[in-house]
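Undergrad: Please take these sequences and the hints and turn them into a complete structure.
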Amino acid sequence: MEHSLLVWLLPTLALVAGVAIGFLIARLLPNAVPNSTQRQLDDIQERFDSYQNEVVTHFNSTASLVKKLTQSYQEVQDHLSEGANRLALDEQTRQRLLAALQADATQTPRERLTPPKGIQEPPRDYAPKAPNSPGMLDEHYGLKK
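Take 1 as the starting number for the sequence shown in the UniProt record's numbering and just add one per residue.
Hints are computed from structural coordinates only; laboratory data are not their basis. C-beta: ideal position from N, C-alpha, C; glycine also. Do not take every clue at face value.
[As the list claims (entries may be wrong)] Pairwise CB distance ranges, derived in the manner of DEER restraints:
#1 Q92 with K68: 28 to 38 Å
#2 L5 with L28: 28 to 38 Å
#3 L87 with N53: 44 to 54 Å
#4 G18 with E46: 49 to 59 Å
#5 A63 with A26: 54 to 64 Å
#6 K129 with Y73: 51 to 61 Å
#7 D78 with D42: 49 to 59 Å
#8 T37 with H58: 55 to 65 Å
#9 R27 with Q52: 34 to 44 Å
#10 L29 with H58: 42 to 52 Å
#11 M136 with K68: 55 to 65 Å
TA: Here's what the structure looks like:
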């Protein structure tokens, strides 16, 4: 009987010890895994926020530079107009210069060019061949019989 008690007692003790060890590991590991996941999530969020700040800074700088460019263009236009008024020797030259400056400032977009109407077929990137003759990719092309 002592032998059968030992047969039942050892597996039962092993089962209880396994459950206790499993319970301790389960208590320790779930806290470690969410912490690393949370750290990764926080790191990704921080990088995303940093990227968004960089994008906002970039577009603010771009807007500021475009504004400066527009102001500089306007200053050049004013300078040219003033020079045309001051330096043109006669009224006709002055009027032509000012008209050219105004035409550049208010130039309308050009219309798109349309292809010639006679061409219906796109250009070929191979040599045309006569009917019933071998093409350039034929293995006998160019060989004399």
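Undergrad: Just tell me: holds or violated, for the beta carbon distance of R27 and Q52 against 34 to 44 Å?
TA: holds (39 Å)
Undergrad: Does the hinted range 28 to 38 Å hold for Q92 and K68 at CB?
TA: holds (36 Å)
Undergrad: Hint says 49 to 59 Å; check whether the CB-CB distance for D78 and D42 agrees.
TA: holds (54 Å)
Undergrad: Measuring from beta carbon to beta carbon, are G18 and E46 in 49 to 59 Å?
TA: violated (41 Å)
Undergrad: Quick one: are M136 and K68 within 55 to 65 Å, going by C-beta?
TA: For M136 and K68 the Cβ distance comes to about 58 Å; the hint holds.
Undergrad: CB of L87 to CB of N53, is that within 44 to 54 Å?
TA: The hinted range 44 to 54 Å holds for L87 and N53, with Cβ atoms some 50 Å apart.
Undergrad: Holds or violated: the 28 to 38 Å window for the beta-carbon distance between L5 and L28?
TA: holds (34 Å)
Undergrad: Quick check on a hinted range of 42 to 52 Å for L29 and H58, using CB atoms only.
TA: Roughly 43 Å apart at Cβ, these two residues keep to the hinted range, so it holds.
Undergrad: Could you check the hint for me, namely that T37 and H58 are 55 to 65 Å apart, CB to CB?
TA: violated (31 Å)
Undergrad: So the hint says 51 to 61 Å: do the beta-carbon atoms of K129 and Y73 match that?
TA: holds (57 Å)
Undergrad: Does the beta carbon distance between A63 and A26 stay inside 54 to 64 Å, or does it fall outside?
TA: Given a distance of about 55 Å, which is inside 54 to 64 Å, the answer is holds.
Hints 4 and 8, counting from the list given before, are not met by this structure.
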